[in-house]
Amino acid sequence: MLWPYLYAAPAVGAMAFAFGFPLVQVVRDSFYAGSFDSPIWVGLDNYRGVLADPAFRESLLNNMKLLLTVPVMLGLGLAIALVLNDRIRGGRHYQAIVFLPYVLPATAIGIAFSFVLQENGVLNTALRKAHLGVLAQDWLGNSHLAIGSVGALVVWQQLGFAVVVFTAALLALPPETAEAARIDGAGWWQLQLRVLVPQIRPIIELLTVIQVITVISWVFNYVYVLTSGGPGYSSSVMELYIWRSFSNGSNGTAASVAVMLLGMAGVLIGLSLWVRRQAIAG
Amino acid sequence: MRTTARHGLVRLLSQHAFLLIICLSALYPLWFIASTAIRSNAAYQLDPTGFPRHPTLGALRTILFHQPLPRWMWNSFLVTVSSVAVSTFVALLAAYAAVFGRFRGHRIFLSTSVALMIVPPVTLLIPMFVFMVNAGIVNHLQSVIIFYTGLLIPFAVFFMTGFFRTIPQELIEAAASEGAGPFTVFRRIVLPLSGAASFTLIVVQAIWVWNELLIALVFLQNESSRTLMSGLAQFQGRFVTNEPLVLSGALISILPVVVLYLSGQRFFVRGLTAGIGK
Numbered sequence: 001m002l003w004p005y006l007y008a009a010p011a012v013g014a015m016a017f018a019f020g021f022p023l024v025q026v027v028r029d030s031f032y033a034g035s036f037d038s039p040i041w042v043g044l045d046n047y048r049g050v051l052a053d054p055a056f057r058e059s060l061l062n063n064m065k066l067l068l069t070v071p072v073m074l075g076l077g078l079a080i081a082l083v084l085n086d087r088i089r090g091g092r093h094y095q096a097i098v099f100l101p102y103v104l105p106a107t108a109i110g111i112a113f114s115f116v117l118q119e120n121g122v123l124n125t126a127l128r129k130a131h132l133g134v135l136a137q138d139w140l141g142n143s144h145l146a147i148g149s150v151g152a153l154v155v156w157q158q159l160g161f162a163v164v165v166f167t168a169a170l171l172a173l174p175p176e177t178a179e180a181a182r183i184d185g186a187g188w189w190q191l192q193l194r195v196l197v198p199q200i201r202p203i204i205e206l207l208t209v210i211q212v213i214t215v216i217s218w219v220f221n222y223v224y225v226l227t228s229g230g231p232g233y234s235s236s237v238m239e240l241y242i243w244r245s246f247s248n249g250s251n252g253t254a255a256s257v258a259v260m261l262l263g264m265a266g267v268l269i270g271l272s273l274w275v276r277r278q279a280i281a282g
Numbered sequence: 001m002r003t004t005a006r007h008g009l010v011r012l013l014s015q016h017a018f019l020l021i022i023c024l025s026a027l028y029p030l031w032f033i034a035s036t037a038i039r040s041n042a043a044y045q046l047d048p049t050g051f052p053r054h055p056t057l058g059a060l061r062t063i064l065f066h067q068p069l070p071r072w073m074w075n076s077f078l079v080t081v082s083s084v085a086v087s088t089f090v091a092l093l094a095a096y097a098a099v100f101g102r103f104r105g106h107r108i109f110l111s112t113s114v115a116l117m118i119v120p121p122v123t124l125l126i127p128m129f130v131f132m133v134n135a136g137i138v139n140h141l142q143s144v145i146i147f148y149t150g151l152l153i154p155f156a157v158f159f160m161t162g163f164f165r166t167i168p169q170e171l172i173e174a175a176a177s178e179g180a181g182p183f184t185v186f187r188r189i190v191l192p193l194s195g196a197a198s199f200t201l202i203v204v205q206a207i208w209v210w211n212e213l214l215i216a217l218v219f220l221q222n223e224s225s226r227t228l229m230s231g232l233a234q235f236q237g238r239f240v241t242n243e244p245l246v247l248s249g250a251l252i253s254i255l256p257v258v259v260l261y262l263s264g265q266r267f268f269v270r271g272l273t274a275g276i277g278k
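Quick mapping for you: the protein sequence lines, in order, are chains H and S. To convert, note that position 191 of the first sequence is 191 in the working numbering; the numbers rise steadily by one, no gaps. To convert, note that position 106 of the second sequence is 106 in the working numbering; the numbers rise steadily by one, no gaps.
Since the hints were derived computationally from the structure, they do not count as laboratory data. Fair warning: there could be bad hints in the mix.
[Said to hold, decoys possible] Example chain S residues on the side facing chain H (calculated, C-beta under 10 Å, incomplete): (1) L30; (2) A98; (3) A115; (4) L125.
[Said to hold, decoys possible] Now the stretches of chain S that chain H is said to cover, found in silico as 3 or more residues with beta-carbon under 8 Å: (5) 15-28; (6) 89-95; (7) 260-270.
Ideal Cβ positions, reconstructed from N, Cα and C, are used throughout, including at glycine.
Taking the hints into account, I'd like the entire structure generated from these sequences.
See the structure below:
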């Protein structure tokens with residue numbers, strides 16, 4: 001049979017073009033410096049330069065700091081899903097509202113957050129009105145707080161995703177186990193933590209891996225509109241570092257960071273495929 | 001007995017209170033965007049937390065009639081429709097071939113798709129940009145359409161194979177044994193069954209393209225070729241002291257998504273969580 005090959009060919013071709021070609025090319029670019037018209041072979045110099053650059057280290061560290069959003073988001077998401085799972089009245093409406101932020105454009109939402117969080121923005125004005133002026137901070141301009149503000153935005157937007165995934169997983173559980181535990185006299189908390197949560201553990205693990213990939217490699221949008229990586233590089237992330245280097249014409253530098261990011265993502269993607277297999281098998 | 005009833009009531013109330021707080025924080029930024037977009041800049045600067053007591057359409061009018069925003073919306077619309085249409089069609093064919101044609105290497109093809117779903121686009125950006133420069137289409141919508149189409153395909157293939165596997169193989173075999181060719185089977189049997197699944201896929205992809213910023217920012221750098229998201233990012237820097245104006249742009253970019261969400265919420269939920277499901 002020939003037709004399946006013909007039918008699959010456009011997809012294979014498109015994937016080769018959009019993924020295969022740039023993945024190979026970016027690795028090559030990372031060993032060269034200068035403009036794309038007259039590249040100069042520099043071996044590993046781009047990598048050495050990047051690793052010695054404090055701005056890169058700061059960006060990498062910020063990606064690591066954003067990892068803290070993962071437990072916050074999953075914990076909160078799980079709590080909401082468990083409450084919704086109690087067949088609470090209006091549960092569907094609650095879920096619809098909680099999921100809404102996840103579909104909205106991060107650019108528009110990020111701009112709104114930047115107005116809320118800026119020095120004389122809504123949050124500080126509200127705090128001062130409530131005589132809590134001591135709590136007012138320069139949420140975006142203070143180099144210690146800026147990445148935390150980015151994290152808050154990430155949690156705000158992605159929380160609904162965790163809620164929906166967990167709700168679906170809880171709904172798919174056989175009701176008998178929970179029923180048996182209830183008959184055995186298990187309290188509400190016991191039921192949640194000892195019976196329900198362990199059963200959806202594979203899904204929790206899979207979502208953890210997915211969210212780790214997200215905060216390592218998919219947060220450009222949030223950072224760009226909220227702080228542009230500032231002040232200085234204090235809230236920059238690897239993606240933003242790539243973008244800045246590339247905009248300055250340091251193509252080799254940008255490519256070498258892209259390769260490192262790809263390496264990290266690759267490990268995580270491998271992990272996710274493995275966890276996914278476990279989740280489906282379980 | 002009475003204490004357990006009271007316990008139940010306390011738990012019920014605290015559960016609702018908890019969910020209400022979560023929902024209010026989910027909705028607050030939307031309220032902030034919508035309520036600020038209808039205030040005058042003077043009123044906003046005087047008190048950013050205030051209620052829109054004297055609503056005005058001034059900012060919305062400015063942004064729609066004296067700024068390039070309608071052009072950017074049109075660009076976003078064109079980019080979204082073309083890349084989603086092409087990627088959906090290409091993925092439908094490939095998924096059909098992988099599930100019912102079972103060509104050699106279809107397993108590798110499918111696991112490659114799953115792996116590519118999570119490749120960060122920023123790592124592909126630089127070679128792609130150089131390619132677009134050489135092809136002479138930087139600052140033309142084609143450049144992002146081509147790239148988006150390619151980026152969408154792995155998820156689309158993954159999603160449609162998942163759905164096609166639920167179609168009984170006998171149905172296809174019966175039609176084929178009656179002499180129907182593969183394209184006839186595809187058009188007469190598979191496509192009509194895939195309505196809801198295709199629609200879900202289209203919604204998810206459309207949202208992704210509509211919301212994308214990084215690639216649009218790099219590939220489309222002149223005023224008339226921007227998409228809505230990269231245009232908004234420009235507004236943010238250009239009108240730093242006119243929040244109502246910038247937020248009315250944000251409001252306009254959000255509205256189509258919210259309308260689509262309200263009209264077909266289940267499609268969103270099903271499609272966007274598909275990467276996780278079984």
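A quick look at each hint next to the structure:
1. Checking L30(S) against chain H: minimum C-beta separation of about 8 Å stays under 10 Å; hint holds.
2. The closest approach between the C-beta of A98(S) and any C-beta of chain H is roughly 6 Å, which is under the 10 Å cut-off, so the hint is satisfied.
3. Against a cut-off of 10 Å between C-beta atoms, the interface hint on A115(S) holds, since the closest Cβ of chain H lies about 5 Å away.
4. About 7 Å separates the beta-carbon of L125(S) from the nearest beta-carbon of chain H, less than 10 Å, and the hint is met.
5. Proximity of the region 15-28 of chain S to chain H, defined as three or more residues with a beta carbon under 8 Å from a beta carbon of that chain, is established by the 9 residues found.
6. Counting residues of the region 89-95 of chain S whose beta-carbon sits less than 8 Å from any beta-carbon of chain H gives 4, enough to reach three: the coverage restraint holds.
7. Here's how the region 260-270 of chain S fares: 4 of its residues keep a CB closer than 8 Å to some CB of chain H, so the rule of at least three is met and the hint holds.
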